[in-house]
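So the chains spell out like this:
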Amino acid sequence: MSIQQPPDNGAGHFESPAVTSDSVTANSKDGAQVKKQPPPEKASDVRRRSHIILSFWLIILLLGLPIWWKTTTIYRADLPLQEMLDWSDGKACRPVFPLRISIQANSLQEQEAQNLLRLTQHALDDLNDFSGHHLRLQLAPPSATEHHNRESVLTIRLVPGDATTAKFDPHEPILDITYPSNAIPSPTSSSSPLATYVAGQLRSTFAEEQATISYLLSTNSIPSDHRPQGLSSDISDSLSKRTSRSLKYAPTYHLTFSLFTSGPLPSSWDIDGAIGEYMKPVLDVLSPIHNFTIDTQVQLYATPGVQNQVLNKEDLSSFINAAEWPLSPSIGGAPTVNFIVFVGDQTIAAPAQSSEEDGAPEPSSHSWMMPQWGTVYLLPLPNDTSHLSVEALKQPLLTFTSHLLSLTGTPQSGSLPLRLSTLSRIRSADLLLRASSTLGSLARLSLALPSISIPSRVADGVSKTMHHLRLACETLGGPEGLAHARIAEAEAERAFFEKSMVGQLYFPDEHKIAVYLPLLGPVAVPLVMGLLNELKAWVKRRKEAAAVGRGKKME
Amino acid sequence: MDGAKVTPGRTACLYIGAAVLRLVIFTLLPGLPDLLTGRVEISTPVTSFKRLQEGLFLYNHNVSPYDGGVYHQAPLLLPLFSLLPSITRLPIFTYLLYIAVDLLSASALWRIADSGEAGSSALFTSPRREKRWSGLVIAAVFLFNPFTVATCLGRSTSVFTTCAILHAVAKAVSGAPFGAMVAISFASYLSMYPLLLLPPLVLLSYDRQHSGRAIKSAPKFAAICASTVAGVLAALFQLSYLVTGSWEFLPSTYGVQLTLSDLTPNVGLWWYFFIEMFDSFRSFFLAVFWLHLSSYVGGLTVRIRRQPLVALTLILGIFAIFKPYPSISDAALFQAMVPLYRHVFPLMRYTFVSTAVIMYATCLGPAFYYLWIYAGSGNANFFYAITLVWNLGQSLLVCDLLFAVLRDEWEVERPEMVGKEIRQI
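Residue numbers (UniProt numbering), protein chains in the order written: chain A, 1 to 555; chain B, 1 to 425.
Hints were generated in silico from the structure; no laboratory data involved.
Be aware that a few hints might be false.
As the list claims (entries may be wrong) - Cross-link-like lysine-lysine pairs, in silico, DSSO-like; alpha carbons within 27 Å at most:
id	chain 1	residue 1	chain 2	residue 2
1	A	42	B	420
2	A	552	A	540
3	B	216	A	42
4	A	499	A	248
5	A	543	A	553
6	A	280	A	394
What the hints assert, rightly or not - Residues on chain B that point at chain A, a partial pick, calculated with CB under 8 Å:
id	residue
7	278
8	281
9	283
10	284
11	287
12	291
13	302
14	303
Note that beta-carbon positions come from the ideal geometry of N, C-alpha and C, so glycine has one too.
Could you build the full structure based on these sequences and the hints that come with them?
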């Protein structure tokens, strides 16, 4: 298989096979004279070698290169980067919460009511300094009776009475205001104590919501001209404390109710009935915002982490015996909220200093709340109780319910219906901002890493997110707004955490050398060298053929 | 000639001896076939008898045999095996089928040997051709090769492919191009990779045509052969479609070979590489490995144009090394073809080394696999290292045979160099 270099004098013999046979005999004589000179290659051998090299290179060029191109190009779907960045910078959407408040004044003349409305609106506009959160008054038609209008978030019922008082209806978002008959403003007056009073009431009712939303906007990257001014530092401190106490938003929360007893009794509890009785109503009203799944457990002879008879404030944080109590951190991906009823004879010491800052977990005599985790309720019981009835669970469950509301981030002031509608608005704003900032992160990521792949699923998710964000922005404040914001947030998260994107991290070019070279390098060396040799020999033959041609012409 | 005179009695003795040996092992050591069936060296995901039984069970219960992703073999094996009585009640019929297939392969090999194609082809006649083994010896070497026996006992379905390939070659050398093309189509249908044998096989059939009804034009002959293969394959695919009721078998059989989706260890080089491969480069390197395997076909066919049977043998050897799911049955097929070149054995330089390396790997391979999987005192690298050695031995054999054949050709051109040291440059 020796590959022999054709000696120079043999070049002329490649013209025709007929001459070649002569050359063999001629060269065998030469071979006898000059030992080291191999005979020239036959033309057929040279042609065969070119064919072999050609067969390898044809496979490389016709199959290898297209396959290489096809399998290693990174698919990058087109993302509307500028639009995504606009969303995250807050340029695409001005979060505006137009809140309609209807005034029901059945005992007033149409004219008087209109006048009062105008004055109150003036007073409100004077007080308000945040354009995003806007209270708009309207007069409810006198025919509309008890039931409050679905369109408006709050109905004010003006009823004549002895003095100026305000009282929230506990079941409906209705504010009852009584006024003395002389408080009706005259049509010409430009101010009225009643109007100022109503405006002040409204202002204080929505102050917390306004502060929370301004806080949310200020912590996100909303351009400063849009940002509300004058958020005092102590308010923002208390808000940040509250945000850190409440659980991170999740579409589903898992509630775990645990009964731990220090002795053998009680060994059963009617938790199902108790939840249905005391907690279900609140879960139902929370259901547009969160889903809840529930499980319960009982453990006897449970030892708390602190054995003291009287628990101090410092003991509370270590009361949970995390090592032995079966409290799983989260079930099925949803964050878990733990509610623990501990039956034992321990008590909580009265707080030494009652000047607790607002928003900190305030231990009552029986229970305390653990930020982002849940609630513990100490239940003292006679020793022979073997079964906890629904009645016995009433107080713990009511405590749990109120703690659940603050764990989900419900504001603290106002009547319950009002608090819940406020919660849904706060959550919409929160979700909207989070989805927007996720979009922004995705856009920045794809700009920063030019070689990351972007599957079409991500592009789909982004366009879906933006569609729902737009809808959410238009209907902000209403229930559809929340639904759209939820979808947008879920889609944005899915697009950002797309598996194939996370899997294929940035792959620098020097790594590619390490991938390609170990296998393809050794394969390429003989192929490239063979090709080069063949080309060199071909050029040489051409030159010699030309020289021979010239020589013949000269003759 | 070794002087072994072939008589009908000797032929019968050989076949009966081989059949009895297998039957005795089957009956006296009833646990051994199942043990061998489970060995990764014998059963690959595309040839395993266990997986065939799974597919057969599903097929007999009117479920698509490819549901569950275990069965990756050709659909037409199912009706064949469901004709046989159940393996659990009457295993003897399955044994007899496998023994018969082995004997058929041996008879094809015998015909190839007797044709003398290895020593003198249409375009080249070796001066050493007189020194050769008879068909009897070559068939005996095949039948009593431990690798062949183990494959038969392990009931790997690769024996059908082996049989089809050997018959294709036998038909080609006996001047029956049509039969050769049908046989190679069956082999390709069963395992896909034998399709790569088509170029040298077409050349072999072209060279060995009967002078009476020969087709003189080579392109025309190649076109007829290619269309025959395409037609037979199309008919087989259509039949498979009728049997299974869907085209699902295409991705489940050939797709698995192309994409290597089952990474069960075997004696080949692919599985370890693709366990370690970055996911984003997986498809690229799959293509590289397949191109590497197929790129030899063109080069070898052109280089050894004068002896197409050598090209076939060498390509079979390369398959045994670089196939996606090789097993020892591929090595057995290559080692069955090597003795045809008894006349160039004196020109081979590394016979001792390659034999020793192959035997070394044969002994240590199962031991290292045991250390990795059962004892837990080794890891995957142990087994992969020994498969590297195994393939090194086989590549030595392939290279050595190639060298010897080329040297044989070269000495015809340069008679004055016979017996002299040469240097490869």
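Tested hints:
A threshold of 27 Å between alpha carbons decides the hint, and for residue 42 of chain A with residue 420 of chain B the separation of about 21 Å falls inside it, so the pair holds. With a CA separation close to 18 Å, the supplied pair residue 552 of chain A and residue 540 of chain A stays within the 27 Å bound. Taken as a hint, the residue 216 of chain B and residue 42 of chain A pair is honoured in the structure, with Cα atoms around 26 Å apart against an allowance of 27 Å. Note on residue 499 of chain A and residue 248 of chain A: the hinted pairing holds, with a Cα-Cα distance of about 23 Å set against a maximum of 27 Å.
With a C-alpha separation of about 15 Å, the suggested pairing of residue 543 of chain A with residue 553 of chain A holds against the 27 Å cut-off. Of the supplied pair hints, the one linking residue 280 of chain A and residue 394 of chain A holds, its CA atoms being roughly 13 Å apart against a limit of 27 Å. A cut of 8 Å between beta carbons decides the hint on residue 278 of chain B: the least distance to chain A is about 7 Å, and the hint holds. Interface hint status for residue 281 of chain B: upheld, as the beta-carbon distance to the closest one in chain A is roughly 6 Å, under 8 Å.
Interface hint status for residue 283 of chain B: upheld, as the beta-carbon distance to the closest one in chain A is roughly 4 Å, under 8 Å. Hint on residue 284 of chain B holds. Least Cβ distance to chain A is approximately 4 Å, under the 8 Å limit. Because the smallest distance between the Cβ of residue 287 of chain B and any Cβ of chain A comes to about 4 Å, under 8 Å, the interface hint for this residue holds. Evaluation of the residue 291 of chain B hint against chain A yields a held restraint, the C-beta minimum of about 6 Å falling below 8 Å.
Restraint check, residue 302 of chain B versus chain A: the minimum CB separation of about 5 Å is within 8 Å; hint holds. Taking 8 Å as the C-beta cut-off, the interface hint given for residue 303 of chain B holds, the closest approach to chain A being about 6 Å.
Violated hints: none; the structure is consistent with every hint.
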